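Residues per chain are reported as follows:
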Amino acid sequence: MNIRLNGAQHAVPDGATVGALVSGVTGRALAEDGHATDGRKLGVAVARNAEVVPRSQWHSTALADGDDVELVTAVQGG
Amino acid sequence: MAALAPTTQQPARDPLTIDGVELGSRLIMGTGGAPSLEGLGAALLASGTELTTVAMRRYSPAESGSLFQLLADHGIRVLPNTAGCFTARDAVLTAELAREALETDWVKLEVIADEHTLLPDALELVEATDQLVARGFKVFAYTNDDPVLALRLENLGATAVMPLGAPIGTGLGILNPHNIELIVSRASVPVVLDAGIGTASDAALAMELGCDAVLLATAVTRAQDPALMGAAFRHAVAAGRLARKAGRIPRREHALASSAMEGRAEFL
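Sequences listed follow chains A and B, in order. With my numbering as the guide, the letters of the first sequence map in order to residues 1 to 78. With my numbering as the guide, the letters of the second sequence map in order to residues 1 to 268.
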């Protein structure tokens, strides 16, 4: 199925979770609680259809076809 | 050669406490505008800052992690901002994302009216402050130099109010010192002069007017020598703070001799 990720079309397997998407894009393995298994901070957050998905729910939140996902991190600014 | 004995009194430690957190430096530095991460790191270190702003933007695999790591390496606390938000809705959502990503409930709330002036939109700012306080955020509200609005934000539960000296990035200094003084005189939360600073004397003035801290980015990151300018601001903020605490002399219309007139030699 297809979702929009940061404004661009992005294909994910049917039934993929937010956790799988984050892990795939960042290249970091995630524990059940959504923290990186390497122990370093991940520093990203996810909004799905304009609602924040808390890290603790990444693995239990399934994506649906057509979802609009924003994956953000801290950059220089302000 | 023997070292000279110290002849000057060392200033006592004078931390700024916000939300129970002690910051050793009253200079808060933004990270925006730096051409390179290495240069930014040097400037941050030279400035002595212990708190720095970051923006929230779309994740890009190529650029990820480096800024975060730099701040962590130097033990600098992160203050995420909502830069680029024009509505309370966007600002609240951005703050929520920042809280998730960076695991802090501190947020520098910026809700701007338009890209030309980058001035805060007072109505959206009030609405966003109200919502964010209700959601448990510690709101550092970037605001106009309006004493009435500053007090409104404080009454809504803002943790700090941050009036602008001049529009963002202009380097025009403090355009309305009288209003900044008024804001300070009525505030019971920390007042941080934010935006418009051009050079060291502007930051010293902000502190002399009674501000608790100064927040700046462009003045350092776009200076010809950012690390040197960072050091200049470190001293300026400390000097302005000392001068404020020392109590300046009143301004007078006419000259006042500092040498006694009595006992002068008379030349016949």
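The hints are simulated quantities; they were obtained by calculation from the structure and are not laboratory data. Model, not experiment: these values are computed from the prediction. Just so it is clear, CB atoms sit at the ideal spot from N, CA and C, and this is done for glycine as well. Certain hints may be false.
Reference listing, derived: stretches of chain B covered by chain A, where coverage requires no fewer than 3 residues with Cβ under 8 angstroms from a Cβ of chain A [said to hold, decoys possible]:
(1) 109-122
(2) 197-208
(3) 239-245
Below 20 angstroms or equal to it, Euclidean Cα-Cα: the simulated EDC-like pairs (lysine to aspartate or glutamate) are [stated by the list, open to error]:
(4) K138(B) to E124(B)
(5) K41(A) to D14(B)
(6) K41(A) to E22(B)
(7) K41(A) to E124(B)
(8) K245(B) to E181(B)
(9) K41(A) to E154(B)
(10) K245(B) to D14(B)
(11) K138(B) to E181(B)
(12) K138(B) to E38(B)
(13) K138(B) to D114(B)
(14) K245(B) to E208(B)
(15) K138(B) to E154(B)
FRET-style restraints, in silico, Cβ to Cβ [what the hints assert, rightly or not]:
(16) G15(A) to V21(B): 41 to 47 angstroms
(17) K41(A) to R251(B): 33 to 39 angstroms
(18) T87(B) to A62(A): 25 to 31 angstroms
(19) G169(B) to K41(A): 37 to 43 angstroms
(20) T37(A) to S66(B): 17 to 23 angstroms
(21) G27(A) to L228(B): 36 to 42 angstroms
(22) M1(A) to L172(B): 21 to 27 angstroms
(23) D90(B) to M1(A): 47 to 53 angstroms
(24) K245(B) to G27(A): 23 to 29 angstroms
(25) P167(B) to D38(A): 38 to 44 angstroms
(26) G7(A) to G136(B): 26 to 32 angstroms
(27) G15(A) to F86(B): 34 to 40 angstroms
(message) Looking only at beta-carbon atoms, does the pair D90(B), M1(A) fall within the given range of 47 to 53 angstroms?
(response) Violated, at about 28 angstroms.
(request) Would you mind confirming whether the straight-line C-alpha gap from K138(B) to E154(B) stays at or under 20 angstroms? (result) Measuring from Cα to Cα gives roughly 11 angstroms; hence the hint holds.
(message) Holds or violated: K41(A) and D14(B), Cα atoms, limit 20 angstroms.
(response) violated, 32 angstroms
(request) Take a look at whether the Cβ-Cβ distance between G169(B) and K41(A) falls inside 37 to 43 angstroms. (result) Violated, since G169(B) and K41(A) (Cβ atoms, about 30 angstroms apart) do not stay within the stated range.
(message) I want to verify a distance hint. Is the separation of the beta carbons of P167(B) and D38(A) within 38 to 44 angstroms?
(response) Given a distance of about 42 angstroms, which is inside 38 to 44 angstroms, the answer is holds.
(message) A range of 25 to 31 angstroms was offered for this pair. Does it hold for the Cβ distance of T87(B) and A62(A)?
(response) Because 30 angstroms falls inside the window, the suggested range holds.
(message) For K138(B) and D114(B), compute the direct alpha-carbon distance and say whether it is at most 20 angstroms.
(response) violated, 25 angstroms
(message) Quick check on a hinted range of 33 to 39 angstroms for K41(A) and R251(B), using CB atoms only.
(response) About 51 angstroms separates the Cβ atoms of K41(A) and R251(B), which means 33 to 39 angstroms is violated.
(message) Checking one constraint from the list: CA of K138(B) to CA of E181(B), max 20 angstroms. Satisfied?
(response) violated, 24 angstroms
(request) Verify the proposed pairing of K245(B) with E208(B), using a straight-line Cα cut of 20 angstroms. (result) holds, 8 angstroms
(request) Determine whether the Cβ-Cβ distance between G15(A) and V21(B) falls within the hinted range of 41 to 47 angstroms. (result) At 43 angstroms between Cβs, range holds.
(message) Hint check: K138(B) vs E124(B), CA-CA at most 20 angstroms. Holds or violated?
(response) Within the cut-off at roughly 17 angstroms; holds.
Consistency with the previously given hints fails for numbers 1, 2, 3, 5, 6, 7, 9, 11, 12, 13, 17, 19, 22, 23, 24, ordered from lowest to highest.
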